[in-house]
Every structure is written in structure tokens, then in C-alpha cells.
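These protein sequences, in sequence, are chains A and B. All residue numbers for the first sequence refer to our numbering, where the first residue is 20 and numbers rise by one. All residue numbers for the second sequence refer to our numbering, where the first residue is 20 and numbers rise by one.
If you're looking for bench data, these hints aren't it; they were derived computationally from the structure. There's no promise every hint is true.
Given that identical chains are not distinguished, each listed pair holds provided it fits within a single copy or across any two copies.
[To be verified] No more than 25 Å apart at the CA atoms, straight line, and that leaves these computed lysine to any residue pairs for SDA-like: (1) K21 <-> H191; (2) K67 <-> T37; (3) K21 <-> H47; (4) K21 <-> N188; (5) K156 <-> G49; (6) K21 <-> R46; (7) K70 <-> E251; (8) K21 <-> G49; (9) K67 <-> H56; (10) K21 <-> P189; (11) K185 <-> G38; (12) K70 <-> G250; (13) K185 <-> G215; (14) K185 <-> P69; (15) K185 <-> Y34; (16) K67 <-> P55; (17) K156 <-> R167; (18) K21 <-> N52; (19) K156 <-> I210; (20) K67 <-> E39; (21) K21 <-> R197; (22) K123 <-> R66; (23) K185 <-> E36; (24) K156 <-> A205; (25) K237 <-> E172; (26) K123 <-> A59; (27) K67 <-> G38; (28) K185 <-> H252; (29) K185 <-> E39.
There are 2 protein chains.
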Amino acid sequence: MKPSEDAYGRLIAGYLETGEGIEIVERHDGFINANPHGPAAYFFPFRKWPKAERTAMRLARGRVLDVGCGAGRVSLYLQERGHEVVGIDLSPLAAEVSRRRGVKDVRELPVTRVSRRLGLFDTIVMFGNNFGLVGGKPRAPWLLRRFRSITNEGARILAESVDPYKTDNPDHHAYHRRNRRRGRMAGQLRIRIRYGQYTTPWFDYLLASPDEMARLAKGSGWELADVIDEGEHVYVGVLERV
Amino acid sequence: MKPSEDAYGRLIAGYLETGEGIEIVERHDGFINANPHGPAAYFFPFRKWPKAERTAMRLARGRVLDVGCGAGRVSLYLQERGHEVVGIDLSPLAAEVSRRRGVKDVRELPVTRVSRRLGLFDTIVMFGNNFGLVGGKPRAPWLLRRFRSITNEGARILAESVDPYKTDNPDHHAYHRRNRRRGRMAGQLRIRIRYGQYTTPWFDYLLASPDEMARLAKGSGWELADVIDEGEHVYVGVLERV
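Next up, chain A with everything else stripped away, as it sits in the complex (with noise of 0.2 Å):
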């Protein structure tokens, strides 16, 4: 990733510099939000994260790998309680903010190029959405089965996402139905973050229902045993290896 392309990290390693700073995801179709909690969310203490995580944290066991760490909150909450924790982001200046607060174990490494050089975990953590780095079909059963490569007997992923169809949103309906149309999943979205100067490359990024997320992990050798859905925006699905 080039300097110029580091647009997430620059965010959060702005926001610890200097407390400030918001979020731009801009969609592929010209879409743009501006999310003002973004880079506050994710140096969060345990006690404000969405009430599904801290429910799915109990079900944390053993080794773990933290998949885009961002800030570093998952990885420190579980280090403190005494796991080996491994944690993962694809931009440097992000894994550094996350070297930086205390993460033992960081590795600026993309989702897709973990392998058993990490060595083997029990939990795979994908907390702020980021299940929705599986992007889609086809790539989201071959990575999920490259996750079990790396993991133990009796492993689980806890997989953060929003279901897309929750929405009142007229435009995202249409981008639902025009995704369809190209035969992309409806919560398939194409976007690039930006920040000042910085923009990242455009990426997929899925937002997927507990339906489609149990489909996707069918015969990639997990199933989707347990949705913790707590009435927010945000659900955990916890996927177990079968």
C-alpha cells in the first residue's frame, strides 16, 4: 500500500494525535457519507463497543487473530485477559497506532494473505463490520476456507456485519437491486475511503444478512452456529469449524 493510499490509517493516526478527525467512505456509484464517530469508535473501551461484541467476546478462547485491527481495541481488550493475540491490517499506519497503544503482535498484512506462517489460532476475531472483508462471491467461500487452514479443531470466527436490507434508504434499495443486476451480492459495496489528500484504492466490502453469511460459509467448512443479535445495527454471527 502506498503512502498516498494509507488514507484509514492517516484517520486513525490522526484521531490520536489530535482527538479529531471523521470518517469519508465515498460508494462507487457517487454515494458519500461522513461518519462522525468513525475514528472515535474504534479506540473504544470495552465498555462502549455495540452490546453484540461484548456478548460474543465470551465466546473468545485461545489463540487469537484479530482480523483489521484498526486501533488496536479488540487485540488489547483480549492481551489483557491473557490471550495471544495476533492482529492484522492491511495499512501500515494503522498497525503501527496499534504497535504504538500495546499490541503485542501486529502484522500489516492483507485479510487474503494470512497463512500458517501466523501459525494456528481458536478464535478469529472480525469485529467493526469486517466480516465484510470476505468482499463477495467468490472470494468470500475461498477465504473462509483459507481461515480454517490456519485455525484448531473447534475454532470459531465471531463475524461482525450489518444486514443491508435493514434499511428505510430508497438509494440503498436501488444499489441493492443494481449490484443484483451484475450479478453481485445486493450488499456488495464498492468503496474507497478517503482523507485529506489520501484515498484508499477502491475495494468490496460486504455487507451481509445471517442467511447469506450461514450460505457463504456452507462447504467452506464452517457453519454458522449462533447469530448474537442484539437489537442494534450490528450483529455477530459466530461461526464454528465443522
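Given chain A, work out where chain B should sit, using these hints.
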């Protein structure tokens, strides 16, 4: 202005309805900025305005033209103090919000279309950095002459701007140099406003130092008689009709 282009009006109307919304300003070179205070500030009561604006309001007299009235804060303040005010805004939705909030005479009109059909004015207010709407050379002197033709003797323009040279951001300095190489004024921003699926056309918005404001006014029937600088980001130039 097509409804799909009224990003500014959507922002203001959305904020009136929900109390939320963030103004996203994209510069033509790809720099992007989200201003969390944007829409709220358009609704501020007098006591929350920048000090320079509050001081400058003492100089308003007679019949007033409020250029780029937005959500109507300046028009409402002056109306309450007994002034006859005409607010103009390019944005149909902003004009509607101003009307709904009680501004008696609002016209949906680009600043370049002001004419004697609006009657004659004693004061022209360009707050919220709206001196920027003069755009740059050669439009600024042309527009200032046009302003002169719709004012009475002894009229004043209360022109707010930001001195573009007062920044530590090296990216902004690079942008100034780039502008100069292209024969533009250093602070002549080429920007557009974005909100959800709405995007304004690109437009020029000038940040001018007091010296630059004085030079643009010279020969166009106005003279920079005073600069109200309260040590804030913004200042108000007092242009007097000569």
C-alpha cells in the same frame, strides 16, 4: 440547479429535520474535507457567531442584501432588529429553509444574477466566508461593480473571508503554488459540495487575504476601509462605496 445538484440545500434541510449531517467539501485536486460543524453553524444564533461577524453587525444599516443566506441566520437577526432584508441563495432547498424559518423575502438566485429588480441596498452582507462567491479574477471586479449598481450612496459590503496564507498545512501551500502556476489566485479554490448521492457542480470559491480583497475592490467602486480581525480563522472586510 437540478435537484440532484442541491447537495448544500439537502445538507441544510436534512439538518433542520434531524439535527444531523456533515458537510463534505471536495477540492478539484482530490483533497477532501468533512466539516462536522458545517450545518450546525448555519443555524447558530447571534451569540455563537464568530466575534468578527458580531462586531461587523454594528455596521449594518438600512436595507440589506444577505448574499448566500443559507439557513437564514443573518437575515433573521437583521429582520428582528428592524431591517428590511432580502436573502438570496443559489440553492432552492436552502431558500426554502430560510423561508420556513421566517425570513420574509428570500430569492432563489445566483449571486451573479443580482440586479436592480431587487431594489437598492445600503448594506450587502457576505458572511460565512461568502466573499468567496466572487470566485476570483476577472469575476470579482465585475461582480463588485454589479453590487455597486444596486446600492445607495454610502453603502457598505461586510465581506467575510479567510486569509489563505495563514495555514501550516503544506498541502494547502502546494495547492496555492499550483493555482499560481495556472494564473489563478492562490486561494482560488475549485470545489464542490457532496452529501449522500447529491453533488454540486464544481465552482470557484476564493479565500482572499485583506490585501487581496483591497486590490480586487480597487477600481470597482469600493474601497477596503477597515478590517475586523478578532484573531479568529475568519475576518470581515468593510468595503465602502466610493
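Just pull the numbers of the violated hints for me, sorted ascending. none
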